[in-house]
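J.: Each protein sequence line maps, in turn, to chains A, B and C.
The opening position of the first sequence corresponds to residue 39 in the working numbering, with each subsequent residue numbered one higher.
The opening position of the second sequence corresponds to residue -11 in the working numbering, with each subsequent residue numbered one higher.
The opening position of the third sequence corresponds to residue 19 in the working numbering, with each subsequent residue numbered one higher.
It is possible that some hints are incorrect.
Stated by the list, open to error - Straight line, CA to CA, 20 Å or less: simulated PhoX-like cross-link-like pairs of lysine-lysine:
#1 A:LYS213 to C:LYS127
#2 A:LYS213 to B:LYS143
#3 C:LYS207 to C:LYS291
Calculated directly from the structure, the hints in this document are not laboratory data.
Just so it is clear, the structure is predicted and the values come from calculations on it, not from any experiment.
Take a look at the letters that make up each chain.
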Amino acid sequence: MTEQQPSQVPGGQEAEAASRASAESAAAGKTPAPEPDAAAAAGSVEARVPAQLTLREVDALTRPVTGLRSPLSPLQSAERARNFGSFYYMEHWLRQLRGYGWTVLMTAVGTPLVYLFAMGVGLATLVDANTNVSLDAGNGQAVPYLVFVAPALLATAAIMVASEENTYSVISGFKWRKTYYGPNASPLQSQQLVNGHSMGVLARLLLTTGLYFLCLVLFGAVVEPTGWVMIFTAALAGMSFGLPLMAYSASIEEDRGQFALVQRFIVMPLFLFSGTFFPLDAMPLLVRWIGWISPLWHSTELGRVLSYGYAEPVWPTVLHVAYLAVLCVVGWIFARRVYIRRLGK
Amino acid sequence: MPQTSLSHRLPQQAPAAVITARNVVKTYGDFNAVDGISFDVQQGESFGLLGPNGAGKSTTMRMIGGVSQRTSGELSIMGLDPDQHGPEVRAHLGVVPQQDNLDEELKVRDNLIVYGRYFGLPYSYLRPKADELLEFAQLTDKAKAKVDALSGGMKRRLTIARSLMNDPKVLLLDEPTTGLDPQARHILWDRLFRLKEAGVTLILTTHYMDEAEQLCDRLIVVDKGKIMAEGSPSALIREHSTREVLELRFGSERNTTVAPELGGIGERLETLPDRILIYADDGEAALEQVSNRGLRPITSLVRRSSLEDVFLRLTGRSLID
Amino acid sequence: MSQHIVSQQLRLEPSRRPLGSLYAGNVRAVFSRGVKATWGTNWAIMVSGFVEPVLYLVAMGIGLGSLIGTVTGPGGAEIGYANYIAPALLAVSAMNGAVYDSTWNVFFKLHFAKLYEGMLYTSLGPLDVALGEILLALLRGALYATGFTAVMGAMGLITSPWALLMIPAAVVVAFGFASFGMAITSYMKTFQQMDWINFIMLPMFLFSATFYPLSVYPEPIQWLIQALPLWHGVEMLRQLSAGIFTGAILVHLLYFLVMIVLGLILSTGRLRKLFLN
């Protein structure tokens, strides 16, 4: 993620101030018949001939109200903020996360355990007992249901975390608690909030998918040694869903339960119709398209290739990665745009 | 850091500006929230924007704070255009917004430290600085408390402490005491005086005339995005009002019917729904004239003129409501 | 003398009704406020609550059903997988709706909107508030249950007229969860604590014989699940949907009646403690 290039701070501020003053008086001269009030006000200002103080002079005239003096000058602060602002905000974000660290850990460990017991063990007894149908690894080999469902569960967990972190906490920053407006008044720039937030979410995603992957291994749900790459493809799925959602959440002016709708009309269908619990082909064509546009399906298919060597040609694999990446980038661009517009009103 | 001597550059009488605004306009859709205002703020002074809700004060503050792009006009903060050099401008400022936006998920002291990080400041500075400012804001014993647990006045003081983490040169305060009880307001004013003594330039908006009179060296009266008057509180009162005001209440039904009978008393007369104001340099004398005409108000009160009267004179409306 | 008369005239008559301090007999005021608020704001959300279990039914019934084939239903008959999970999904949706309404929703009104505080400053008592909110949740639950049963019919999953009894039974299930959920919520102070509700709901949803029979578990785990309310709801609705009954259905029903009464007593007491002290 790139920071905006620092724009050059004028070195000779005195010169600039002087030239501006002359430009102003020229402009004032051209103004045709200003209102009496405005003229009086402008006149009185003009009479005082303000010399604009430079940064250094102001610095010399001000002292901190308490003993310690800041080790950085404001201009140094600004430069650091331009370069590392996204990380500063990520730091804040992670501190907030620590406030509910217990919940995060419990979710990260509890969810996989519960789902694996229920789907991978409980439901699997029904599926694997049915000898009429068998799941195929694409090369004629049968796959146990636990192994089949594992990559889908992993990607689902990532998407759930992403949808949690990119809905209420985003609108809360703009509206309920207005926490974005604190950093917004500091040298940070709006788009750095997007970056910092997203990097924080990514960190939580990787923690979640990493722990989930360990659980999968414990349950014997991963066959191939390439399986660990799923930690990243699942996190990618989380980001590809989270970034566009972040842009949407940031654009909400008034909460009328939109998130409940997102949950029920987007997250839930994606969860159920993305080849999660059964191959996409088991569904009529009428609803199969849901899978095709779903980041969950793309990530699950990738996971199946990595986890048990699901045989598919190279091009779909490339397509899966590309699709997820494009969603991330598009979401990121939109999120930046919405944040900049909304915070700069 | 090299210290520049100012004496050779600044003539003694010429005040030096840290902020200059010329014909600044901010438009939302076809509504001019700020409609061509010009002013200068000098180093170390405390400068007020006085006006009713919706006058454009907060919008002006946001433009100075480099978080809102102006539609047109010139604005310069210590030689920098906030629209071009947002981070540089904001690094010099401390901002106390109208609505507290503290992070309620963090503890009181962590709120200060986290905020200081946005200025790239190291923890070795931020930790002791946070403790100093908690002391300054009289919140030392709340350092480990949750923000939720603070009273309104404490939150306000914490927000001020937060805005001081970077040793700002200019402090922007948007309605600093709105919603606070009188005691909390006085504590806050005291802290602001100490900032002023430290040479920090204060810019504040308020719709409380007493606050403006207490805190501001100079102020502009703003209404509907325009500047109505400019000057020190006492000068404004001198210029736009009389020394004293006589307030008469005849009961809500009768005020308008009685008003014509009061003609000629004092310099000027205002009829409000709930009372009649008579502007006169000697309020007691005016009251005597009223009773000489056989009029018996339910209550009467003689007081000094205030900025409220100035605003009423300039706009024909009250400041609040 | 005159003082004596004045003080007599101003004395208020104490209420002689039972539960006078808790209950003003005006549940209707709370209920109709809730209907108005729901009516005015979120139609789409109202409808969406019905969509969720239907999506589950379609996805799992058709998709997963194609992998599983048939399952042993009540009375030992082999039934289609969709027939098997449909009543369970109805019980789950009754639970989810009731729990949402009585936990998150109540928590928000309690701590942020301060709605109950305002209500209790009037003549309303805490029991009026609790009952009014719960009734509202039940009305919604009944609407969803009716819709879901209709979808089941359309998908050809209803094989017995007894299945219509699933609607009132689902309301009973919802009542149990709503009154108990409200009681629990009154003890909650932070959002983090509210998250714990999810930690209980998720395993209960997945393990309560919803998607596969209890027999896949070892015996101790079976007992644990049978102690939880959702399993009773699922079993009750499953028997009704197939029209095959055992004596166990009375146990299931009794379980919910106890839950309802216990929940009401607890939440009324708590609301009083929170506001009328």
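J.: Each hint: holds or not?
T.: Against the structure, the hints:
As the CA atoms of LYS213 (chain A) and LYS127 (chain C) are separated by approximately 18 Å, the hinted pair is consistent with the 20 Å bound. For the suggested pair LYS213 (chain A) and LYS143 (chain B), the alpha carbons sit about 18 Å apart, so the restraint of at most 20 Å is met. Using a Cα cut-off of 20 Å, the hinted pair LYS207 (chain C) and LYS291 (chain C) holds, with the two alpha carbons roughly 14 Å apart.
Of the numbered hints given earlier, the model fails none.
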